[in-house]
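K.L.:
The chain contents come next:
Protein chains: 2
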Amino acid sequence: MDLPLQLDRTSVVPLHRQLTQQLRQAILDGRLPAGARLPSTRSLAAELGISRNVALAAFDDLFADGYVVGQHGSGTYVAHDLPVLPRPAMPTPSGAPRWLRPTAPPALTFEPLRPGVIEFRLGKPAVQSVPPDVWRKIWADIGSHPPPADYGAPSGDPELRAAIAGYLGRARGVACGPDDIVVTSGAIQSLDLLARAILLPGDVAAFEEPGYPVSRHVLLGRGARILPVPVDDDGVQVDALPSGSDAPYVVYVTPSHQYPLGGRLPIPRRMALLEWAAANDALIVEDDYDSEFRFDAPPLPALAGLDTSGRVAYIGTFSKVLSPALRLGYLVAPPPLRERVVRLKHLTDFHTPWPVQRALASFIQGGHLERHIRRMRREYAEKRAALRATLAPVEPLARLIGLEAGLHAFLELREEIDARDIARETLARNVAVSTLDGYYHAMSPRNGILLGYGGLELAEIVSGAAVLVDVIQRKAR
Amino acid sequence: MDLPLQLDRTSVVPLHRQLTQQLRQAILDGRLPAGARLPSTRSLAAELGISRNVALAAFDDLFADGYVVGQHGSGTYVAHDLPVLPRPAMPTPSGAPRWLRPTAPPALTFEPLRPGVIEFRLGKPAVQSVPPDVWRKIWADIGSHPPPADYGAPSGDPELRAAIAGYLGRARGVACGPDDIVVTSGAIQSLDLLARAILLPGDVAAFEEPGYPVSRHVLLGRGARILPVPVDDDGVQVDALPSGSDAPYVVYVTPSHQYPLGGRLPIPRRMALLEWAAANDALIVEDDYDSEFRFDAPPLPALAGLDTSGRVAYIGTFSKVLSPALRLGYLVAPPPLRERVVRLKHLTDFHTPWPVQRALASFIQGGHLERHIRRMRREYAEKRAALRATLAPVEPLARLIGLEAGLHAFLELREEIDARDIARETLARNVAVSTLDGYYHAMSPRNGILLGYGGLELAEIVSGAAVLVDVIQRKAR
Chain D
846 MDLPLQLDRT
856 SVVPLHRQLT
866 QQLRQAILDG
876 RLPAGARLPS
886 TRSLAAELGI
896 SRNVALAAFD
906 DLFADGYVVG
916 QHGSGTYVAH
926 DLPVLPRPAM
936 PTPSGAPRWL
946 RPTAPPALTF
956 EPLRPGVIEF
966 RLGKPAVQSV
976 PPDVWRKIWA
986 DIGSHPPPAD
996 YGAPSGDPEL
1006 RAAIAGYLGR
1016 ARGVACGPDD
1026 IVVTSGAIQS
1036 LDLLARAILL
1046 PGDVAAFEEP
1056 GYPVSRHVLL
1066 GRGARILPVP
1076 VDDDGVQVDA
1086 LPSGSDAPYV
1096 VYVTPSHQYP
1106 LGGRLPIPRR
1116 MALLEWAAAN
1126 DALIVEDDYD
1136 SEFRFDAPPL
1146 PALAGLDTSG
1156 RVAYIGTFSK
1166 VLSPALRLGY
1176 LVAPPPLRER
1186 VVRLKHLTDF
1196 HTPWPVQRAL
1206 ASFIQGGHLE
1216 RHIRRMRREY
1226 AEKRAALRAT
1236 LAPVEPLARL
1246 IGLEAGLHAF
1256 LELREEIDAR
1266 DIARETLARN
1276 VAVSTLDGYY
1286 HAMSPRNGIL
1296 LGYGGLELAE
1306 IVSGAAVLVD
1316 VIQRKAR
Chain A
846 MDLPLQLDRT
856 SVVPLHRQLT
866 QQLRQAILDG
876 RLPAGARLPS
886 TRSLAAELGI
896 SRNVALAAFD
906 DLFADGYVVG
916 QHGSGTYVAH
926 DLPVLPRPAM
936 PTPSGAPRWL
946 RPTAPPALTF
956 EPLRPGVIEF
966 RLGKPAVQSV
976 PPDVWRKIWA
986 DIGSHPPPAD
996 YGAPSGDPEL
1006 RAAIAGYLGR
1016 ARGVACGPDD
1026 IVVTSGAIQS
1036 LDLLARAILL
1046 PGDVAAFEEP
1056 GYPVSRHVLL
1066 GRGARILPVP
1076 VDDDGVQVDA
1086 LPSGSDAPYV
1096 VYVTPSHQYP
1106 LGGRLPIPRR
1116 MALLEWAAAN
1126 DALIVEDDYD
1136 SEFRFDAPPL
1146 PALAGLDTSG
1156 RVAYIGTFSK
1166 VLSPALRLGY
1176 LVAPPPLRER
1186 VVRLKHLTDF
1196 HTPWPVQRAL
1206 ASFIQGGHLE
1216 RHIRRMRREY
1226 AEKRAALRAT
1236 LAPVEPLARL
1246 IGLEAGLHAF
1256 LELREEIDAR
1266 DIARETLARN
1276 VAVSTLDGYY
1286 HAMSPRNGIL
1296 LGYGGLELAE
1306 IVSGAAVLVD
1316 VIQRKAR
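So the protein lines, in turn, are chains D and A. Position one of the first sequence corresponds to residue 846 (the numbering used here), numbered consecutively onward. Position one of the second sequence corresponds to residue 846 (the numbering used here), numbered consecutively onward.
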């Protein structure tokens, strides 16, 4: 065979793959025609000065991909029916195929972080403070055994469920056992499964206004109609919920730290909300997304801990205490609802990936979660104090609220200072903030800026907030 | 303070948690009444012979949970408003709440593996053969950095998408770039997202009969009506698909290794299927769940590689080449469909967990996936040979088919030997097999047994198959 085969021993591409590629290219461009006999692996190895195993691996690949036929002593030949040549690109159906329904699902924006910009983005925790030794050990454990040979339980790993139940009892006063927990791939999935279990297209869901856009879109994506319920500095205005025949089936709330305004629902409103749900046979969806973090303020019991009639579905997440990229959360729901959610979870993705479930079970069982939360509480308290101190000079022009809990706050601006102008001008100076108007569904928005500070370094908070102060003060002049 | 605090230094429970628990108990049962002043952490530490940090940690916990108030020099007191006491159990709504819709979603069974039983379960790969060094290193890398501070792209990690696109081009002749790929949490999620993108309740979906029950339930869970399309030993009978106004929008097929009968769809049927889809403006969903494994048989091109008109959505998975518990798969779909799927993925769980995506990207980029597949092909070929040899004696009573590819085969039994009797009797001898009847939606089933052999050891295959032979032979007497 007279083929110009050239192997590059300095390349990162393994030798057998180089050989495969060059032989395949020779077959595809006709230098090795159909039916041609290839040299034996032994002679090829000798000719190229490689081990015979390298040649064997290349031949295996070519055989597997259908470029050559025959094997084991009888010789290797270029196949007559070559595999279909790769197309240059994916074909696109012409026109509008009938299987592509006219209505597209609602679109959420996803923007990766911009390097060089101080982003006061909501929901970003301080991942640099995850204890490196513990983190390393937990993942090393995952890699120290082969993966499971079979699927796991749709409701989640039993040890993780037990660990979460214990944590919820200790930290949130929600008494539940492992069987009450469903492990999910994050709060979005928890809400999506709930919506699928209870909502039919056209059903009305009451939703905080302003509220968490992702959750609202999840409900819209299920065909729900949104009934906006106004929010004030103390959270959702329970007395604005319609009763009787107008009462919605379901209401979505964030009582620990209203998303995005930051209010904490007072006890009397909590009791009133539970009474409303009982009187109107409705389900309360409690999204407790960052309840772990609260400062100089007494804890308030979760609705799920106060509920005595099985009308609260509780959504928890590890996105804020660890990382949103883990996609791990959980759901506590009254038994008949929980059973449906487990069935739907099975039909949706069978179960949440095993490595992530096991890693979190170790993290909680070893006491690391609660230790980490305690440490983060102190760290966030410092960041919060720095934010407040740096923003103090704008006080006559703006009011900072929602700082008692969570990892973000709301800076309400005086009417004549347009929040969108401020956001545009800070961005020009590499400081990104979001304006409140994007969080509304229907009502006219309050004028202000949201500041997520959890994931920023102290120095970034101070310099970013200083830019904000400067921009606001110039605007007010 | 005269409290009987007893710390156990030999316990696995950390000292600070023991202290927290005992103080909390004392508060709850009234030994420490509301308003009582706790001793200082310094004196408590001295009295108990523990470090002050341990006492501080316990006080932090009690403060965080709302059992005590005040801090930093001014003294610590038992709170007046105690956190709500944990309930004994989750409350259940009485009667049938209106938010629990009358129709429950379809239920799939999930049975964990039974220890001590040789289970010829379908879809179980040989996880013990995953190379331990590589596996260890890949997960160690995950643990060597803090987790990401923010969410990832809904379509998946860009490096993983590039790695999958490269692999698909090399191994399956499906030419696509990273942007054509959507990373999903397994084949079930791929199908569920597709169903959500294209099916409205009541729409008809054509489905192989017999077929993969989980996929059928996913479609049923979306409200689809199933149109069963008969399958023979060569796969789905394309000429049985209705045309014209009766043609369904979508057909689900497993052409590489029909699930469960094991046929490989011949090229003429593949071309006919693509022509049918073009003529009837339908979408083909190609579930290529175990195409990596094929024995003494030439490769057949994927439908997605033959498609020139954008009518194939291709579902791939790492469940069979690595482990089903990873919950990692991918979808290749024509551009307008792919965009919808990405939107729905965002609304469903935002993205697949980052650790699993990163681990698989390393596995593919390092060349380990293809090396592993080559090794597994040899291992499975041996297992398959052992299964065939051990079952040879029943040949007049039973016919073994579907062995050219995949990790399972079908043993068709003569009419007078009832498959369910055989399964019952082998189970009594600790050998579990499934019968074909469970895989049908509507038509009358063929009589036989399914044998998943991928995850069993060679010795288990031989002894399990020997039991099966014995049971069949006794039955035929």
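Worth flagging that the hints you see were computed from the coordinates, not collected in a lab. Do not take every clue at face value.
Example chain A residues on the side facing chain D (calculated, C-beta under 7 Å, incomplete) [claimed, not checked]:
#, residue
1, 905
2, 1070
3, 1140
4, 1142
5, 1144
6, 1244
Label-pair distances were calculated between CB atoms; the ranges are [to be verified]:
#, chain 1, residue 1, chain 2, residue 2, range
7, A, 1212, D, 1011, 54 to 60 Å
8, A, 1237, D, 881, 36 to 42 Å
9, D, 1045, A, 1084, 34 to 40 Å
10, D, 866, A, 956, 31 to 37 Å
11, A, 1153, D, 879, 21 to 27 Å
Among chain A residues calculated to face chain D with C-beta under 7 Å, some are [what the hints assert, rightly or not]:
#, residue
12, 976
13, 991
14, 1285
15, 1286
Here a beta-carbon is modelled for each residue, glycine too, at the ideal position from N, C-alpha and C.
K.L.:
Would you settle whether the hint for residue 1144/A is holds or violated, based on the nearest Cβ-Cβ distance to chain D being less than 7 Å?
P.N.:
holds, 4 Å
K.L.:
Is the hint on residue 1285/A kept, meaning its closest Cβ partner in chain D is under 7 Å away?
P.N.:
violated, 19 Å
K.L.:
Given residue 1142/A as an interface hint, is the shortest Cβ-Cβ distance to chain D below 7 Å?
P.N.:
Hint on residue 1142/A: violated, closest Cβ of chain D at ~10 Å, above 7 Å.
K.L.:
Taking 7 Å as the limit, does the beta-carbon of residue 905/A come near enough to a beta-carbon in chain D?
P.N.:
holds, 5 Å
K.L.:
Could you check the hint for me, namely that residue 1045/D and residue 1084/A are 34 to 40 Å apart, CB to CB?
P.N.:
For residue 1045/D and residue 1084/A the Cβ distance comes to about 39 Å; the hint holds.
K.L.:
Under 7 Å, Cβ to Cβ, is where residue 1286/A needs to be relative to chain D, so tell me if that hint holds or is violated.
P.N.:
violated, 16 Å
K.L.:
Is 54 to 60 Å right for how far apart the beta carbons of residue 1212/A and residue 1011/D are?
P.N.:
With a Cβ separation near 43 Å, residue 1212/A and residue 1011/D fall outside 54 to 60 Å, so the hint is violated.
K.L.:
A closest beta-carbon separation below 7 Å is what the hint needs, so does residue 976/A meet it against chain D?
P.N.:
violated, 10 Å
K.L.:
That 21 to 27 Å hint for residue 1153/A and residue 879/D (C-beta), does it hold up?
P.N.:
For residue 1153/A and residue 879/D the Cβ distance comes to about 23 Å; the hint holds.
K.L.:
Minimum Cβ distance from residue 1244/A to chain D below 7 Å?
P.N.:
Not OK, violated: residue 1244/A not within 7 Å of chain D, min 27 Å.
K.L.:
Let's test the interface hint: is any C-beta of chain D closer than 7 Å to that of residue 1070/A?
P.N.:
Check failed: Cβ of residue 1070/A comes no nearer than 15 Å to chain D, outside 7 Å.
K.L.:
So does residue 1237/A sit 36 to 42 Å from residue 881/D, Cβ to Cβ?
P.N.:
holds, 38 Å
Hint compliance for this structure: hints 2, 3, 4, 6, 7, 10, 12, 14 and 15 are not met, and every other hint is.
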